[in-house]
Every structure is written in structure tokens, then in C-alpha cells.
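Colleague: So the sequences go chain by chain: A and B. Under the numbering used here, the first sequence has 113 at position 113, and the numbering climbs by one with no breaks. Under the numbering used here, the second sequence has 504 at position 165, and the numbering climbs by one with no breaks.
Calculated directly from the structure, the hints in this document are not laboratory data. Mixed in with the good hints there might be a few duds.
What the simulated footprint calls covered on chain B by chain A, stretch by stretch (three residues with Cβ under 8 angstroms from a Cβ of chain A suffice, anywhere in the stretch; the number is not a length) [as the list claims (entries may be wrong)]:
no.: 1; region: 365-374
no.: 2; region: 414-428
no.: 3; region: 503-510
no.: 4; region: 580-590
C-beta: ideal position from N, C-alpha, C; glycine also.
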Amino acid sequence: MPNPQLDWNVNQDSAAKPDLVQIKNLYKYFPVRGGVLQRVVAWVQAVDDVSFSIREGETLGLVGESGCGKTTVGRCVLRLIPATKGQVLFNGQDVYKANSRELKALRRNMQIIFQDPFSSLDPRVPIGESVGEGLLVHGMSNSKERFEIVINTLRKVGLEDYHARRYPHEFSGGQRQRIGIARALALRPKFIICDEPVSALDVSIQAQVLNILKELQGEFGLTYLFIAHNLSVVEHISDRVAVMYLGKMVELTTREELYRNPLHPYTLALLSAIPMPDPTLASKRTRLILKGDVPSPLNPPSGCRFHPRCPVALAHCSHQEPRFKEVSPDHWVACWRVE
Amino acid sequence: MALETTQSNGNLLEVRNLKTYFYTEDGIVKAVDGVDFEVKRGEVLGLVGESGCGKSVTSFSIMRLVGVPGKIIEGSILFDGQDLLKLSERAMQHIRGNRIAMIFQQPQSSLNPVFKAGDQIAEVLDIHRSLGKEAGWQRAVELLRMVGIADPGRKAHSFPHEMSGGQAQRVMIAMGLACVPELLLADEPTTALDVTIQAQILDLMRELRTKMQTAIVLITHDLGVVAEMCERVAVMYAGQIVEQTEVKTLFAEPRHPYTQGLIGSIPVLGVVKGKLDVIPGAVPNLINLPVGCRFAPRCRARVQYNLEICAQRLPELRELRSDATPATTHTVRCWLYHHAEGHTAPLAEK
Chain A
1 MPNPQLDWNV
11 NQDSAAKPDL
21 VQIKNLYKYF
31 PVRGGVLQRV
41 VAWVQAVDDV
51 SFSIREGETL
61 GLVGESGCGK
71 TTVGRCVLRL
81 IPATKGQVLF
91 NGQDVYKANS
101 RELKALRRNM
111 QIIFQDPFSS
121 LDPRVPIGES
131 VGEGLLVHGM
141 SNSKERFEIV
151 INTLRKVGLE
161 DYHARRYPHE
171 FSGGQRQRIG
181 IARALALRPK
191 FIICDEPVSA
201 LDVSIQAQVL
211 NILKELQGEF
221 GLTYLFIAHN
231 LSVVEHISDR
241 VAVMYLGKMV
251 ELTTREELYR
261 NPLHPYTLAL
271 LSAIPMPDPT
281 LASKRTRLIL
291 KGDVPSPLNP
301 PSGCRFHPRC
311 PVALAHCSHQ
321 EPRFKEVSPD
331 HWVACWRVE
Chain B
340 MALETTQSNG
350 NLLEVRNLKT
360 YFYTEDGIVK
370 AVDGVDFEVK
380 RGEVLGLVGE
390 SGCGKSVTSF
400 SIMRLVGVPG
410 KIIEGSILFD
420 GQDLLKLSER
430 AMQHIRGNRI
440 AMIFQQPQSS
450 LNPVFKAGDQ
460 IAEVLDIHRS
470 LGKEAGWQRA
480 VELLRMVGIA
490 DPGRKAHSFP
500 HEMSGGQAQR
510 VMIAMGLACV
520 PELLLADEPT
530 TALDVTIQAQ
540 ILDLMRELRT
550 KMQTAIVLIT
560 HDLGVVAEMC
570 ERVAVMYAGQ
580 IVEQTEVKTL
590 FAEPRHPYTQ
600 GLIGSIPVLG
610 VVKGKLDVIP
620 GAVPNLINLP
630 VGCRFAPRCR
640 ARVQYNLEIC
650 AQRLPELREL
660 RSDATPATTH
670 TVRCWLYHHA
680 EGHTAPLAEK
């Protein structure tokens, strides 16, 4: 339970809020083709039976190391790539059952901010047009009205009016990421997926972008799925945090609980692996250093996927897969140790 | 004589007024513009700063690996009493990889893709120790075992593309440490790696350093890595060092407004900050540097104390206290702490 004495600066009542996005048993396998006939020789199990929901007005952080499937989850939620199996509900409506017209209407409310602000903007179009393109697609043909919204949105992310006529190459990385946010925000969506929005930025710029994201959330009542590999950034911005490992969800709980009482050994290892920018704290804490590398999702280990690297693995971890279940209110974990 | 000074104060490396400029079509990029620092034997010095602050160019300058259009135009780099900038290319080759080694950010692209890991390590030993093929290979396998590669005998036969990022970085470290160098320049050695792998590599570097007594210059943008690894830190901004002190002092009492901003802008695990501190604006263009202090256009303290000198004259990197002993040096490049003609520093101690 959130401690009322601490100002977590988040929606204390987020537990009471209804679910905006529900992901049920999502699978995404990518085929690996080989040979002369380009037959499917193997499957990359990028996302394997992932279920969770995102509550209205909250920020759900999704963390994990490279190749754990966090970005794939984000793209499947928006149906930018089709899921292999599973269900995604947005406001109760099934994203995968929607026809193209319905999907277009849905997408107005679901936007995405990409990691690389350099390659996600069209270099030959002034950024005002890039930001306004979504409005045009969604039927706002009056260019004057459109321009007004664009200018308004640019101001919201801390850019100036004259920037609308400039081209992407004239902007720094931090400014480009603001443009990416403005582009997503122009349609006034309910839900934005932020896919590693600050990992390409320097720390001082990263703070600017994180603050803007938080401010906009308060102002427009946005719901975020915040995907990142940096747990300190995720912990800073999120209300709840989900941890993924090799295509599986291993733990999901509130951020204060995740930091105070991590239950999955992988979460514990992640927490202890993050270098602490405080020499006194850093020298005091105990380090848990995992052995070995992340296995390939092409051929994931049997049973619990974490068992070859797990410091506390039991005998049956190698052949029986733990269920992802709620062990205490709002704390989900998939580990035999907490069964 | 330079030789005597370095021996008396125990400095392995002394960089003095180093300037490395790049002559581009758009103008002269002052990537490193008057950098001074020293590294004691066996010490880990952190060099932190954001992209484009000149930290990597500093390390390339030490190795004399700056290529066209870059040029080291001024300064001296005393390594064990010898000025590296005055050595012949041949003499420099004898130092590079032997007494000073370097590891890079992208381990997989720094290794030669068409040679086996074992051969690449053996090559270093052949050049500097004339070990020959057989003995070199054996030593390479030993080194791979030392850096924690499982089954090193077999792994020595693998090519870089068959290795993960963490393994490739271990191979790079094995190669760097093959000749037991006195100084290791590590340029963002863990930036490209996942956090759990980063923890492994940092742990390995810590262990090897105790074993070999190698001094390390650790170049990074991650203040967390600095706090965990370094004894002293130099903070760089726009081609210059703005603050230099011991790691504990830097985090407990950062003095330069840039350092303060940098520390305030990072989210810390388990510490709840409603809003992160922000350094307004962006890093200046290194071709068109501001007159005066390079941080002045972004500096809140300048506005707060209404300092005019900041926009007019560049502050020097000076000792905070006049009575400082070498063990407690804390140097800052800021007008808040230093008097000058016609300027009284608002925060000067004395």
C-alpha cells in the first residue's frame, strides 16, 4: 500500500481507477527463415504469454534488458505489428477485432514516441507539418485551424512558434524529442507509448524531457506506457513498474513496493546492478552480480527462463514454468520461490 | 626537470594545457581547449561530461590517435616523466598497447572481425613481448580465463561476431591488459552493455585493478559508474575541466553550477524527486564558443548573484581553498569562488 506520509507525487488513488488498456495473453513470435526456399526454420519468441493492464491516468513503466521484448509489446499494443496471439483491449474495445475504420479512430487516442529522435522525423518536411500530419489524417482539413493546434502544441513542449517552419536537422537531440512528443500530443490522445524516449539524450537534456512528460500528463490526463532499460528513470516517472525477462513478465507492482520489496531474483539483480550516483551509498550496499549472458529468445531455457542465471534456483525451476500471479495486493510475480 | 617532478609527486600521467582542435570546413572545433589533470599510480580517475565535451578526444590525444582534421596544437602530456607529444612515432608505438592501453565503447566494432579472439590478443604479445605464435596463444588463453571467460581454450578460437557484447568487452580488456600496462584508458567501456552485464564488467575492472595496480582513466557520462569506480573525478564541459576533486567530495559538495545541475538532473533509485533539476538550454557549439565562462549562458547562479564578469572573462581552474593539501585538492573553474581584479567572488572562502 502507498504510504500516505510520503509524497510520491503520483496518483495515490490509481488503484481505484479503471483499466484503460488491457493486454491478455499476448504472444509475438517472429519467424526466422533460412535455406534456398526461405522456409521458416525457427521462431524468435519475442513476447510469450504476457498479460497486464494499464490504468487510466497512470504511468506504467516497462523495463528489461535488450531483447527482452519490451518494445515488441509496445508495438503489438498499437497493432503496428500484428500479434501472433492474444487480445488487446483499449477502453473495452478489442484492438485486433477492429476494422480499418475503427482502428483509425482508435489510433487517434493511442500514440507513440520513439527512441531515436533523429530517424523518426521526415528530414524533408518542416516540423510544423510533421506535427500537424496526424490532424490532417484524422480529418482536420482546415489548415489555419491545424496550424493553430500545431503552434499550441509546440508551446506546450517548450518550443517557439517560429520553430514550426524549420527542418529536423536544425534541431538538437533534446529539441527533436520534444517535437516527437508534440507530434504524439497534437491529436490530444488518451494514451501514449513512450518507447525509450530519453535513452538517446544526455543527462541534463533527459531531465528536461522527463519533466515535460510529467507536466503534460498532469495537464491532459494522459496515460503512459513508459518503456525503458534504465530502471532509475522508470522508477522516477512510473506509478507501477513491470519487469520483463526474455519475453516473459517476471514482476509487476507499484514503484515503491518494487524498490522496497522486490520478490523476483531478476528484479533484485537489476536493482543492485544499477550504479548509484552516491559514493557513500554505493560502497555500503551489497552487490548481486549475475553470471552469464541473457540467453537467446530463439531457444529460451526450459522451465523458468531465468533459471540458468538465477542465484536461488530450485531443482524444479529448470523444467516447470512458474505462473505469473498476484502474491499480495497489486504485486504480481512469476517465481517458484514465492509460491 | 620534468622527470624529477613526476617522480617526486607520484604522478604517472600529467596533462598540461592540452589543446586539440579540429579544422573543419565550418570552422575550428575546439574539442579540447586547455585541459589539465594528473593521474597517480594505481589510481582510478573519472572523466565525466556530456556528449561533445571533449572527454574522448582527451583520451585519443593521450594515445596520440587524433587523426585528420584534428590536431594537438598545444600542451604537454607527461607520462612517467616523458612528454608523449615529443616522442617519435616509433617510440610512441612502443608505449601504445604496452604501457598505456585503451578500451573502447563499442567492443564488437573495435575488434577485427576476421581474426580469432586468441590471435588478436597474441598479436599484442608478439609485438611488445616477442612471444611468438605458440606462447602468445597460450598466454592469450590464460588472459581470457583471467577476465572471466568460461571455457577460454575454446572461446579463443571464436570470431568477434560469435561473441556477445559482454564477452567482446572482456576480450578487449584481456587485450588491453596483456602487457600489464601502467595506465588503462577506458572510454565508456560499459555504455553499450546491459545493466547486469555492465555490473559484471565493472566488477572485473575493479578486481583486475587491485591485482595489477594499473591506473585507470575512466571516461563516462554516467555519474553512477563514477561513484562506484573512481577515487577522483574531473568534470568536463565544452572542452575544459570545470571541477576536479575526490569522488566523495564531488557528490557531497559539488561547487560548480554545472556539476550541481548534473547531479540534480539524474533520477536516483529509491530517492523520490517530484521534479528533476534542469539545466536550461543546450551545450554550446564548439566552433562558436561564448566569450567568458562557457557555462554562463546556462548558469542559474550567474543570474542569482548578478555576476557580469562571467560573460566577459573565462575563469581559471583554481584551488577552492588556499590552505589545501594535495590530498584534499578541490579545483573549480567558476567566478563564484575566485576573486579577480574588479570582481569579488560571492562564495569565496577565507
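Colleague: Next, verify each hint and record whether it holds.
Modeller: Taking the hints in turn, this is what the structure says about them:
1. Coverage of the region 365-374 of chain B by chain A is violated in this model, with 0 residues showing a Cβ closer than 8 angstroms to a Cβ of that chain against a need of three.
2. Residue count for the region 414-428 of chain B with a Cβ under 8 angstroms from a Cβ of chain A: 0. That is fewer than the three needed, and the coverage hint is violated.
3. Restraint check on the region 503-510 of chain B versus chain A: 3 residues with Cβ-Cβ distances below 8 angstroms, three needed, restraint holds.
4. Residues of the region 580-590 of chain B with a Cβ under 8 angstroms from some Cβ of chain A number 3, which satisfies the need for three, so the listed coverage holds.
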